[in-house]
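Number of protein chains: 2
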Amino acid sequence: MKDNVITMAHGAGGRKMQEFISAIIKKYFSNPILDRMDDSALLPATKGRLVFTTDSFVVTPVFFSGGDIGRLAVCGTVNDLTAMGAKPLYITAALIIEEGFPVLDLEKILASMKRTAVEAGVVIAAGDTKVVERGKADKIFINTAGIGAVYGGKTKISSVNARPGDVVILTGNLGDHEIAILKERENLKMRTSISSDCAPLFRMIKPLLDAKIDLHVMRDPTRGGLAAVLNEISFASGVDIKIFQDAIPLNRAVKTACSMLGFDPLFLANEGKMVIFCGSKHAEKALKLLKKSPQGIFAAIIGSVTGKNKKPLVTMQTTSGGERIVLMPEGEQLPRIC
Amino acid sequence: MKDNVITMAHGAGGRKMQEFISAIIKKYFSNPILDRMDDSALLPATKGRLVFTTDSFVVTPVFFSGGDIGRLAVCGTVNDLTAMGAKPLYITAALIIEEGFPVLDLEKILASMKRTAVEAGVVIAAGDTKVVERGKADKIFINTAGIGAVYGGKTKISSVNARPGDVVILTGNLGDHEIAILKERENLKMRTSISSDCAPLFRMIKPLLDAKIDLHVMRDPTRGGLAAVLNEISFASGVDIKIFQDAIPLNRAVKTACSMLGFDPLFLANEGKMVIFCGSKHAEKALKLLKKSPQGIFAAIIGSVTGKNKKPLVTMQTTSGGERIVLMPEGEQLPRIC
Numbered sequence: 001m002k003d004n005v006i007t008m009a010h011g012a013g014g015r016k017m018q019e020f021i022s023a024i025i026k027k028y029f030s031n032p033i034l035d036r037m038d039d040s041a042l043l044p045a046t047k048g049r050l051v052f053t054t055d056s057f058v059v060t061p062v063f064f065s066g067g068d069i070g071r072l073a074v075c076g077t078v079n080d081l082t083a084m085g086a087k088p089l090y091i092t093a094a095l096i097i098e099e100g101f102p103v104l105d106l107e108k109i110l111a112s113m114k115r116t117a118v119e120a121g122v123v124i125a126a127g128d129t130k131v132v133e134r135g136k137a138d139k140i141f142i143n144t145a146g147i148g149a150v151y152g153g154k155t156k157i158s159s160v161n162a163r164p165g166d167v168v169i170l171t172g173n174l175g176d177h178e179i180a181i182l183k184e185r186e187n188l189k190m191r192t193s194i195s196s197d198c199a200p201l202f203r204m205i206k207p208l209l210d211a212k213i214d215l216h217v218m219r220d221p222t223r224g225g226l227a228a229v230l231n232e233i234s235f236a237s238g239v240d241i242k243i244f245q246d247a248i249p250l251n252r253a254v255k256t257a258c259s260m261l262g263f264d265p266l267f268l269a270n271e272g273k274m275v276i277f278c279g280s281k282h283a284e285k286a287l288k289l290l291k292k293s294p295q296g297i298f299a300a301i302i303g304s305v306t307g308k309n310k311k312p313l314v315t316m317q318t319t320s321g322g323e324r325i326v327l328m329p330e331g332e333q334l335p336r337i338c
Numbered sequence: 339m340k341d342n343v344i345t346m347a348h349g350a351g352g353r354k355m356q357e358f359i360s361a362i363i364k365k366y367f368s369n370p371i372l373d374r375m376d377d378s379a380l381l382p383a384t385k386g387r388l389v390f391t392t393d394s395f396v397v398t399p400v401f402f403s404g405g406d407i408g409r410l411a412v413c414g415t416v417n418d419l420t421a422m423g424a425k426p427l428y429i430t431a432a433l434i435i436e437e438g439f440p441v442l443d444l445e446k447i448l449a450s451m452k453r454t455a456v457e458a459g460v461v462i463a464a465g466d467t468k469v470v471e472r473g474k475a476d477k478i479f480i481n482t483a484g485i486g487a488v489y490g491g492k493t494k495i496s497s498v499n500a501r502p503g504d505v506v507i508l509t510g511n512l513g514d515h516e517i518a519i520l521k522e523r524e525n526l527k528m529r530t531s532i533s534s535d536c537a538p539l540f541r542m543i544k545p546l547l548d549a550k551i552d553l554h555v556m557r558d559p560t561r562g563g564l565a566a567v568l569n570e571i572s573f574a575s576g577v578d579i580k581i582f583q584d585a586i587p588l589n590r591a592v593k594t595a596c597s598m599l600g601f602d603p604l605f606l607a608n609e610g611k612m613v614i615f616c617g618s619k620h621a622e623k624a625l626k627l628l629k630k631s632p633q634g635i636f637a638a639i640i641g642s643v644t645g646k647n648k649k650p651l652v653t654m655q656t657t658s659g660g661e662r663i664v665l666m667p668e669g670e671q672l673p674r675i676c
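Here the protein sequences line up with chains A and B, keeping their order.
First residue of the first sequence: 1, per the numbering used here; consecutive thereafter.
First residue of the second sequence: 339, per the numbering used here; consecutive thereafter.
Excised from the complex, chain A in its bound form (with noise of 0.2 Å):
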């Protein structure tokens, strides 16, 4: 392909939209589901009940430390996939792009994206491109849609599952994404380095399913961060949930962003973590074998369901002693984190 940026014709339908494909897309995509150019993609046999999710990726910037808007597309949905118990087999990749960005951070993109696929261990299926003009997007937003497969073909995980007694597990640091975001953002000087977390996680969970670990609730804490997660788990399941400060694991640079700029760790955007309610028997062993795990080394206790309630709390008890409610975030921290 000629062009070095992306003009309206890339997604206009003709000759030029299938030049792009055949020279950009598939140059990264390429896979024999994809390939054949259906309106559809028709895919392989699968068993067992299937998961179905969405999200569009809207970060500002699009590239940033640990990562790039690519890499986030897949993770999202493949996470959100592994959080019901499923293994993630199939994504779309659906891109809106700005007229006049450069075909080359476009390739960049793509490649992470095929490369976070290829680590997730899910095929590309299908895709569309869209291009609007100069001032009407923000450079590129992607959306991922992705099935996947429930892990041994039943499942009971889900936000309304949380029972008195289980144990709260964070597969690890807290904030990361959302700090890198904000550093790269605000340009911030910080003496310790900080990367986004940004991983697709069914590897880390998959010996958990396999050994059969009493599993009730599995979330992501993405927007809104763990706050969000469990205030919506403690709503749905209807249980008070209690949560130990001391017992959250936090990167030093991510500590240092929150007491300077005054955010709060609860509330920060994670990619790459996941917030596990099991029951208390099996909490141990859940821990020992997340810990085995590259993204979950950092892997903690960090709390319990205390009780039933209609009118259900989550607290934390604070490292001074004291005991705080844990509210839902209201608005945003920091707006397009992902």
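Certain hints may be false.
To be verified - No more than 20 Å apart at the CA atoms, straight line, and that leaves these computed lysine to aspartate or glutamate pairs for EDC-like:
(1) B:K494 / A:D35
(2) A:K292 / A:D35
(3) A:K2 / B:E668
Because the hints were derived from the structure by calculation, they are not lab data.
All values derive from a computational prediction rather than experimental measurement.
Please build the complex by placing chain B on the supplied structure of chain A, with the hints as guidance.
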């Protein structure tokens, strides 16, 4: 919800977003699968091979005669599933909204999506909302992904399956969608009224599948129009295709607009049409079945596959009796038609 316009907080993952989802999204999309509000939708067990597709919609204006971006987003995806001989089952709906977009307009769009989903027989299984700052998107972009089950379990329908002797059927008037958008956008004054053909097509196609019509290819001629679809099929199957200008059904308003503005009807986008290649013995029966459907009353046989060719061509016998090559459109006639 008190807000009259969408704010950044509605996409931030906190309390404001929860309120937005409860008050606005669930008001229209509520169903047992979506309402679980887990990270992914758990689908009921399905039989048969699945097809999977995605499309983003960036049409401007968002409301137009005969439809809106919401109806378009549902139709585009269910028609891509239908084109594979599959029954559309589930779709996702992912919104990227510009800050300041009126809530009432959003509600109109969601109501239209819901209505169209019911009309198409699909369940909206999962969704996502992102909000970007004013000026960083153009009002609203919608992505839908869809899952369908191959009707009757098997399909050989594919762009690579056109065969010499195949009859080419077009299910109705060409170009209504693009001319309706053009009229709206340019505020054209026309004596004859024109509406988008935007419609879900599975009900029209189902009788052909039930009757075991020998279908080889189905494609919906959206961006790039009939010319793009025929060229793609010709290339993928390695066959020459010949169509007849006189046989192509055209609305009077489209004819007039094309001759006034120098547009080629073969390049115009459609959102409620199917191009069908089938064995010649079944062509009359297929046509009869199509004409029984409200979407298919103007269905017509427009051409045939004339032979195998390594350098295949699409040609058209013109009204004047000459023959011209139908080329792939180069870029676009009109940007952002879907």
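Verification of the hints:
1. Taking the CA atoms of K494 (chain B) and D35 (chain A), the gap is about 16 Å. The hint holds against a cut of 20 Å.
2. For the proposed pair K292 (chain A) and D35 (chain A), the alpha carbon gap of about 37 Å is over 20 Å, so the pair is violated.
3. Of the supplied pair hints, the one linking K2 (chain A) and E668 (chain B) holds, its CA atoms being roughly 15 Å apart against a limit of 20 Å.
Violated hints amount to a single one, hint 2; each of the other numbered hints is respected by the structure.
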